[in-house]
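Undergrad: The chain contents come next:
Number of protein chains: 4
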Amino acid sequence: MATPFDDDKLHDECGIFGIYNHDDASAHVALGLHALQHRGQEACGIVTVDDNQFYIKRALGLVDDTFGDKKTIESLKGKSGIGHNRYATTGETHLRNVQPLHVDMDFGGFAVAHNGNLTNAMTIKKELVSRGAIFQSTSDTEVIVHLVALSQKKTVQDRIIDAMTQIKGAYSLVILLKDSVIGLRDPNGIRPLVLGKLAKGHVLASESCALDIIGADYVREIKPGEMVTLTKKGVISQFPFAKKPSKFCIFEYIYFARPDSFMENRSVYEMRKRIGEELAREAPVTGADLVVPVPDSGVPSAIGYAQESGVPFELGIIRNHYVGRTFIEPSDHIRHLGVKLKHNANRAYLKGKKVVLIDDSIVRGTTSRKIVEMVRAAGATEVHMRISSPPTTHSCFYGIDTPRTEELLAHSKTVGEICKFIRADSLAYISIDGLYRAVDNVKRDAKNPQFCDACFTGDYAVELVDNINHCGGDKVSVLSERKKS
Amino acid sequence: MATPFDDDKLHDECGIFGIYNHDDASAHVALGLHALQHRGQEACGIVTVDDNQFYIKRALGLVDDTFGDKKTIESLKGKSGIGHNRYATTGETHLRNVQPLHVDMDFGGFAVAHNGNLTNAMTIKKELVSRGAIFQSTSDTEVIVHLVALSQKKTVQDRIIDAMTQIKGAYSLVILLKDSVIGLRDPNGIRPLVLGKLAKGHVLASESCALDIIGADYVREIKPGEMVTLTKKGVISQFPFAKKPSKFCIFEYIYFARPDSFMENRSVYEMRKRIGEELAREAPVTGADLVVPVPDSGVPSAIGYAQESGVPFELGIIRNHYVGRTFIEPSDHIRHLGVKLKHNANRAYLKGKKVVLIDDSIVRGTTSRKIVEMVRAAGATEVHMRISSPPTTHSCFYGIDTPRTEELLAHSKTVGEICKFIRADSLAYISIDGLYRAVDNVKRDAKNPQFCDACFTGDYAVELVDNINHCGGDKVSVLSERKKS
Amino acid sequence: MATPFDDDKLHDECGIFGIYNHDDASAHVALGLHALQHRGQEACGIVTVDDNQFYIKRALGLVDDTFGDKKTIESLKGKSGIGHNRYATTGETHLRNVQPLHVDMDFGGFAVAHNGNLTNAMTIKKELVSRGAIFQSTSDTEVIVHLVALSQKKTVQDRIIDAMTQIKGAYSLVILLKDSVIGLRDPNGIRPLVLGKLAKGHVLASESCALDIIGADYVREIKPGEMVTLTKKGVISQFPFAKKPSKFCIFEYIYFARPDSFMENRSVYEMRKRIGEELAREAPVTGADLVVPVPDSGVPSAIGYAQESGVPFELGIIRNHYVGRTFIEPSDHIRHLGVKLKHNANRAYLKGKKVVLIDDSIVRGTTSRKIVEMVRAAGATEVHMRISSPPTTHSCFYGIDTPRTEELLAHSKTVGEICKFIRADSLAYISIDGLYRAVDNVKRDAKNPQFCDACFTGDYAVELVDNINHCGGDKVSVLSERKKS
Amino acid sequence: MATPFDDDKLHDECGIFGIYNHDDASAHVALGLHALQHRGQEACGIVTVDDNQFYIKRALGLVDDTFGDKKTIESLKGKSGIGHNRYATTGETHLRNVQPLHVDMDFGGFAVAHNGNLTNAMTIKKELVSRGAIFQSTSDTEVIVHLVALSQKKTVQDRIIDAMTQIKGAYSLVILLKDSVIGLRDPNGIRPLVLGKLAKGHVLASESCALDIIGADYVREIKPGEMVTLTKKGVISQFPFAKKPSKFCIFEYIYFARPDSFMENRSVYEMRKRIGEELAREAPVTGADLVVPVPDSGVPSAIGYAQESGVPFELGIIRNHYVGRTFIEPSDHIRHLGVKLKHNANRAYLKGKKVVLIDDSIVRGTTSRKIVEMVRAAGATEVHMRISSPPTTHSCFYGIDTPRTEELLAHSKTVGEICKFIRADSLAYISIDGLYRAVDNVKRDAKNPQFCDACFTGDYAVELVDNINHCGGDKVSVLSERKKS
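Chains as they are written, first to last, in the numbering used here: chain A, 30 to 514; chain B, 30 to 514; chain C, 30 to 514; chain D, 30 to 514.
Among the hints, erroneous ones may be present.
Chain copies aren't distinguished; within one or between two, either way the pair holds.
[Claimed, not checked] Dumping the calculated DSBU-like pairs for lysine-lysine here, alpha-carbon to alpha-carbon at most 30 Å:
hint, residue 1, residue 2
1, K207, K380
2, K476, K155
3, K154, K273
4, K442, K252
5, K207, K472
6, K261, K272
7, K442, K229
I should point out that these hints are in silico values taken from the structure, not numbers from a laboratory. Given the structure is predicted, the values throughout are model-derived calculations rather than measurements.
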């Protein structure tokens with residue numbers, strides 16, 4: 030879904046996968062990562078283990094490019110393994126930041142893959158470094174590794190619990206040990222993690238679509254604050270941390286997750302349609318001729334909007350599926366042509382029409398402006414933009430790549446001003462209450478919201494320690510860009 | 030649209046593009062090829078020319094990978110250029126087969142890019158070789174080059190006409206000379222070619238979507254048998270060949286072209302919707318709950334079917350956009366999982382439903398069977414397959430990569446047998462007459478069909494010389510696989 | 030021996046190898062090319078043939094890099110094969126110029142590898158092009174291929190003879206046919222070619238050192254104007270061309286050939302020593318302390334000089350064996366350091382000494398100047414340069430990469446002037462008569478020299494047709510640079 | 030000098046280089062490493078520093094391949110830098126083991142390059158790991174880094190001293206800090222390190238030949254146990270460790286160092302000649318016709334032997350300079366041909382001769398046997414092998430890659446048995462006393478030898494802590510293979 034060229038989206042983060050005790054462990058991890066490719070395209074890695082040793086392969090690029098050949102898969106021996114997809118954050122990427130991380134310890138090695146963001150990683154790292162610890166990467170996942178290494182507990186499991194007790198933030202982890210695979214979600218359950226079952230062996234994955242690809246049955250979600258250990262004796266569940274209220278990331282429903290995934294027993298596709306329906310009720314367009322999605326993420330909401338409003342759904346914008354990474358530094362001339370590398374107007378259906386455009390979010394607004402312009406240039410008489418999320422006003426510090434708060438269009442502009450900026454005839458976002466209605470049939474509890482919706486409200490569920498310590502308490506710092514994993 | 034993994038589609042052929050007298054010639058050719066990427070993903074090439082020389086760059090792989098960087102674009106100097114996308118035919122690909130072909134001649138060099146297939150190329154080649162000509166490639170385009178070289182005419186234009194007079198088949202050509210760019214369509218106009226206009230300079234392209242990307246205005250189609258020469262004085266039109274009835278490839282409307290392109294002044298997207306509507310009238314499904322497209326090519330027809338039938342349109346199958354080339358040789362286990370690398374069922378919407386599946390064609394049937402199975406496994410109670418083309422019963426010899434006639438499921442099986450093979454509850458194809466109605470509002474003229482529809486009817490518009498000469502007159506030989514360009 | 034960095038040498042040309050009827054054909058060709066690597070480092074290629082087809086692999090770079098792995102060797106099937114090493118001429122190198130050339134013909138395919146240079150290739154090519162022939166490369170070897178293709182003779186052997194009868198120049202060829210391997214030397218026998226024998230099967234090679242590496246016995250030289258055909262029945266010898274006087278390239282003895290090779294039954298190493306001895310007699314240095322070779326090519330002559338003069342031989346200059354290609358575009362600063370990348374003075378032995386430096390030739394003189402300076406800077410009190418060839422005054426048109434005549438230092442400067450230019454205390458070259466004495470114990474026959482020594486005398490053994498036709502009769506044109514093979 | 034194919038040599042170890050305060054710092058480090066390439070061909074790396082940050086580039090392969098282009102050199106900014114060449118030890122090579130190592134510390138970052146081997150690294154590492162330290166590489170250099178990081182001293186200099194005080198073994202180090210470059214030799218001075226001076230700035234290098242290439246003047250050797258700091262104020266010298274007797278590695282004179290280098294004010298070339306002369310006196314061959322070196326390392330000793338004995342020196346074996354890495358996995362057939370890839374007999378000079386072959390050492394004996402056989406096959410009537418070192422009976426643990434003691438031919442076989450094994454007519458090694466005479470004009474002090482000669486005598490100068498701790502006191506363990514740097 031993400032392409033780096035002129036892409037005005039918030040971006041997930043990472044995808045993780047783990048499997049215990051299966052003959053085709055590495056092939057299954059590769060397939061799981063393939064299904065989770067939308068959660069990170071920058072880099073990927075797999076670590077497996079057999080009775081003798083750990084096998085590691087990490088590389089920049091897509092899963093298919095690194096793990097598509099038999100030889101690589103066969104070189105990753107053993108019956109258990111974990112994998113990780115990494116999103117392309119801005120700035121240089123170093124292979125040393127690619128996960129899973131692996132270390133050899135006195136008590137035996139382990140490997141860890143992490144989806145999320147730790148909010149006190151920099152604070153802990155600073156202290157560890159002052160005590161002589163040596164860090165190799167800029168990834169906050171390495172902080173976890175050091176805390177495990179330094180723990181005085183006896184078993185690895187206890188060391189992990191000891192380490193994670195010191196850590197704040199949003200995280201779902203899969204950890205590979207010689208004789209088990211561990212899955213772990215932060216106490217608020219911000220990032221997803223599901224458990225699946227094969228005829229033989231269990232799997233863990235960020236989304237249920239990764240279970241489908243390997244034919245695994247969906248068992249259940251790992252619960253907020255839960256640690257599960259896949260062992261020979263079965264799945265052992267623990268809740269080692271202080272209980273906290275559930276704060277699942279509501280943006281997973283809006284954009285990040287694949288529509289065929291289920292999260293918290295909800296169909297992502299259905300949630301998107303319901304948001305579209307709610308949007309049609311909240312912000313109808315009188316006399317509209319067409320409902321047109323901005324492909325591909327706007328499609329389910331556009332179908333919902335169309336069905337609720339009775340206005341026909343049409344593919345008024347056609348997407349080019351062959352957008353590579355290499356036009357990243359185009360000449361000024363091509364940059365000007367910009368958006369057309371990815372989208373083209375379907376003139377036949379837009380000419381003379383009053384169009385409702387459905388998109389999932391507006392981050393900086395530059396792409397929206399080009400799309401409105403393109404639709405208008407194709408002959409549309411009116412262009413009404415409807416957004417299937419509330420205005421994005423705050424940065425995320427829990428594992429989503431967002432611009433700094435100041436760079437968010439909705440942080441400083443009203444809806445009317447944004448409408449003017451993107452040159453639409455009208456603009457409406459779904460309301461935060463409408464969003465809660467669509468997803469959960471409930472009213473948002475302002476004192477203790479049922480989801481993490483900080484990007485829309487600024488209500489940060491987990492303390493932003495690093496920001497307070499290192500940035501004078503300004504919640505909207507640059508940190509998030511550097512510590513994504 | 031095409032991915033090599035378990036892909037049961039007929040495949041286009043090639044995309045061509047030419048530009049005359051523009052400061053950003055090479056960048057525009059690259060953009061044009063980018064927009065035409067769906068017509069060929071195996072290889073691509075650009076040749077440009079300035080006052081001094083020709084500049085050539087050809088490579089295996091996608092346009093963005095080869096021509097995405099500034100340095101390459103800048104190395105292709107000059108104000109005129111042509112480009113070519115090539116489809117991955119079976120068998121080994123040699124760089125020497127990648128187009129455009131370029132030769133230095135006594136009278137000055139030229140370069141040529143070809144979309145189509147010549148039906149007497151092998152016969153001519155055999156004769157030329159016996160007279161001492163040396164061929165470097167297995168591409169039939171090289172036959173054109175040799176005939177031009179051997180012509181005794183004075184000007185290159187006359188040499189080209191001389192050469193093409195000897196050639197039979199389906200072809201659209203763009204030819205780059207030092208001081209002009211030539212566009213040419215075969216007398217039946219089987220393959221497409223359009224003329225566009227920029228503020229400064231003209232362009233030629235296989236489809237109009239390649240005009241949109243560079244902001245060029247659509248001027249008109251090159252007519253069957255027409256040769257246009259873009260020169261400093263403007264566009265010169267000639268009709269050097271004996272006139273023949275127009276026979277445009279009707280499959281371009283069904284599958285090959287991009288939906289945002291116009292062909293013969295018809296919107297491709299609209300044609301597909303109309304076919305879907307016709308299909309809904311011809312082959313309704315009583316009591317259906319959902320109309321589900323096989324993504325992505327089935328979407329427009331599914332929207333048409335849904336709108337005509339009143340049955341809701343839903344994305345019941347979700348496509349993974351990150352399907353690379355590297356899983357081409359997977360282990361048996363992964364091969365078994367096969368189709369899921371690309372598609373996943375959207376369980377939430379299929380469970381307990383009576384589903385109408387819309388696809389554009391069935392070639393070998395293996396993929397259709399897997400998709401029906403996947404939809405059923407997701408809980409659908411009934412699966413009714415509707416196909417937006419008539420049964421594909423014959424190989425194409427005019428530039429489309431088709432299996433041999435014997436390998437086509439519909440060649441030897443009835444619709445009922447195919448339905449059984451793919452395990453659907455019912456199966457219907459649009460009728461050939463329904464197809465003509467949808468596209469042209471006319472009845473098919475059986476004696477002289479208004480389109481080339483040989484793949485559905487066996488009525489081959491152009492004599493298959495090579496087959497008669499080399500294959501004992503069997504029209505359905507293996508030749509087509511070897512000579513695609 | 031050749032390194033591209035600041036290398037002031039004439040350069041060979043090419044190395045060729047052929048084998049008939051051996052189970053390990055491709056491995057043996059690779060080994061033969063490995064032993065002949067000094068004759069060309071730019072590119073290499075092997076073509077083999079079995080009962081079904083030809084197998085081709087050509088690449089830029091060294092033999093070991095392209096043919097060092099088992100998989101490549103095994104992919105080159107069949108019991109017969111030929112190979113070619115190509116020297117890096119100036120200017121851009123295209124893979125299409127890499128040999129062996131292979132073509133499919135009506136009468137069956139063949140492949141050819143060529144060492145030498147044709148002096149009427151451009152003239153013939155021009156005529157062929159005007160008649161419609163299409164050339165793919167700028168290599169003069171392609172002219173041979175076209176002449177064979179156009180010949181009206183029936184057998185390939187006769188076609189080859191027909192073609193070569195029209196060609197002038199210096200050439201040794203190995204040609205691979207389905208059922209035989211042909212070796213051919215031009216009527217003057219300018220370039221070398223030897224025949225060897227394995228327990229099973231025969232081989233052809235540019236030098237005998239390529240027989241040693243595979244354990245083949247040396248049989249004999251192919252004679253000037255001889256064509257040998259290796260067949261199942263044995264080795265067939267023909268002399269199809271008009272007899273001409275033998276004109277073996279005398280520079281092979283001085284520099285090009287490997288010292289462990291035999292040519293015309295003479296040990297190359299011994300010839301070099303004898304030249305050194307002759308040089309010691311012709312140009313002694315009174316009171317010299319050391320004889321120091323410029324490594325590595327000056328070593329045998331320096332040993333000869335030392336033994337004859339009684340002055341001790343010492344490695345006063347140490348060579349760095351790890352000089353890669355990549356310092357080719359260094360900064361000005363490093364360019365200034367220049368020669369030291371390759372050589373370093375052995376200070377301990379040069380300080381306070383009167384040194385005789387032995388090198389094989391001076392082409393442009395820039396390197397010699399730096400070496401003299403380096404030896405002096407290391408403390409030598411006097412530096413006397415002795416050269417084991419006469420002054421190089423004329424370009425070679427017979428397969429050696431030489432600068433244009435005007436660029437040769439000795440073309441316009443006297444020995445005294447050159448001595449001044451390189452800043453030596455004295456300079457002497459061996460005389461042309463001394464050279465003949467050393468190599469052949471005879472006086473040079475001025476009317477009909479026993480060797481080709483045109484680079485020293487301007488007596489060109491074979492007519493320079495292209496120069497006369499295309500360059501107004503100026504014998505010292507730029508042609509040689511473009512047509513080396 | 031080293032090529033991986035069938036190479037029966039002991040191998041150095043590593044080359045290091047450092048420069049302080051020069052405008053062309055990175056280019057000079059690259060040139061220094063180029064001159065030191067013989068000390069390690071597996072990998073190389075450069076770290077530089079400017080006022081803002083450290084710049085790092087490390088790669089597998091040769092210096093020229095990694096650092097030959099301007100762009101890479103320019104990307105390594107700053108006026109100070111260090112570099113490292115690494116030898117290809119057996120087993121897999123990981124980029125993470127390539128030096129220089131760099132770490133960011135609380136007190137500022139530093140980088141370190143190491144030549145040598147630490148004999149208590151594994152013991153220290155084990156303890157550090159048990160305390161929670163995380164190691165990324167298997168290189169013993171990382172132990173130094175951890176000790177520096179954990180030190181409680183204030184300045185980096187004091188932390189380094191604190192760290193090195195805990196370490197035993199052979200080491201020469203160059204360390205890059207923000208504002209200085211440090212050079213350090215172990216208290217016994219086993220590995221070399223020299224100081225040089227440019228017009229502006231100082232340099233440190235393993236050998237003086239690296240000073241020559243950049244035109245630096247030789248200043249002096251760093252003394253055993255000395256730590257020099259290159260700063261703005263000049264060169265500061267300290268002796269922070271307990272004084273120990275000097276034990277310079279005598280094998281540097283025999284084989285490792287380049288002949289044009291000076292070590293301890295001795296010319297390496299001269300030492301080799303003197304060893305050859307001593308060998309001629311100790312082990313003459315009556316009636317010998319030729320003295321032939323095994324190229325290239327045997328040449329200086331062969332010249333010495335020839336001059337002392339009066340027997341003519343000839344290049345009876347010719348070396349192929351183009352031996353790449355890619356024939357590493359040849360077929361059995363080629364493996365059998367083996368040695369000829371690198372060497373060929375110069376038949377012309379060997380036939381009927383009584384030959385004295387000079388080589389520097391025999392490790393496993395397999396190559397020697399092939400060379401004797403090759404010389405004999407070329408017609409030599411007698412082959413007498415003379416070796417310019419004493420029998421190699423013990424493994425090295427101080428930075429030289431040696432087989433395990435049990436694998437050394439001389440460990441279990443007498444000279445007579447070895448002679449039989451290599452099938453020579455006679456065999457003699459220089460005596461240990463002869464070696465001392467040649468190098469130092471002294472008698473070896475058996476109680477406290479003037480050099481480290483453990484590989485010939487088993488007198489290990491520095492305690493082998495790891496061996497005692499981990500291998501039950503067996504001095505000849507496998508450790509050495511794993512910890513080379």
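Undergrad: Next step is simple, just say for each hint if it's right about the structure.
TA: Checked hints:
Proximity of K207 and K380 under a CA criterion of 30 Å is satisfied in neither setting, with 63 Å inside one chain copy and 40 Å between copies. Taking the shortest Cα distances, K476 and K155 never come within 30 Å of each other, neither inside one copy (34 Å) nor across copies (52 Å). Proximity of K154 and K273 under a CA criterion of 30 Å is satisfied intra-copy only: 25 Å inside one chain copy versus 41 Å between copies. In the homo-oligomer, the alpha carbons of K442 and K252 never lie at most 30 Å apart, since the shortest distance is 38 Å inside one protomer and 53 Å across protomers.
Taking identical chains as interchangeable, the C-alpha atoms of K207 and K472 are never at most 30 Å apart, the minima being 46 Å within one chain and 58 Å between chains. Taking the shortest Cα distances, K261 and K272 sit within 30 Å of each other inside one copy (28 Å), while across copies they are farther apart (59 Å). With identical chains, the CA atoms of K442 and K229 are never at most 30 Å apart, being 54 Å at best within one copy and 40 Å at best between copies.
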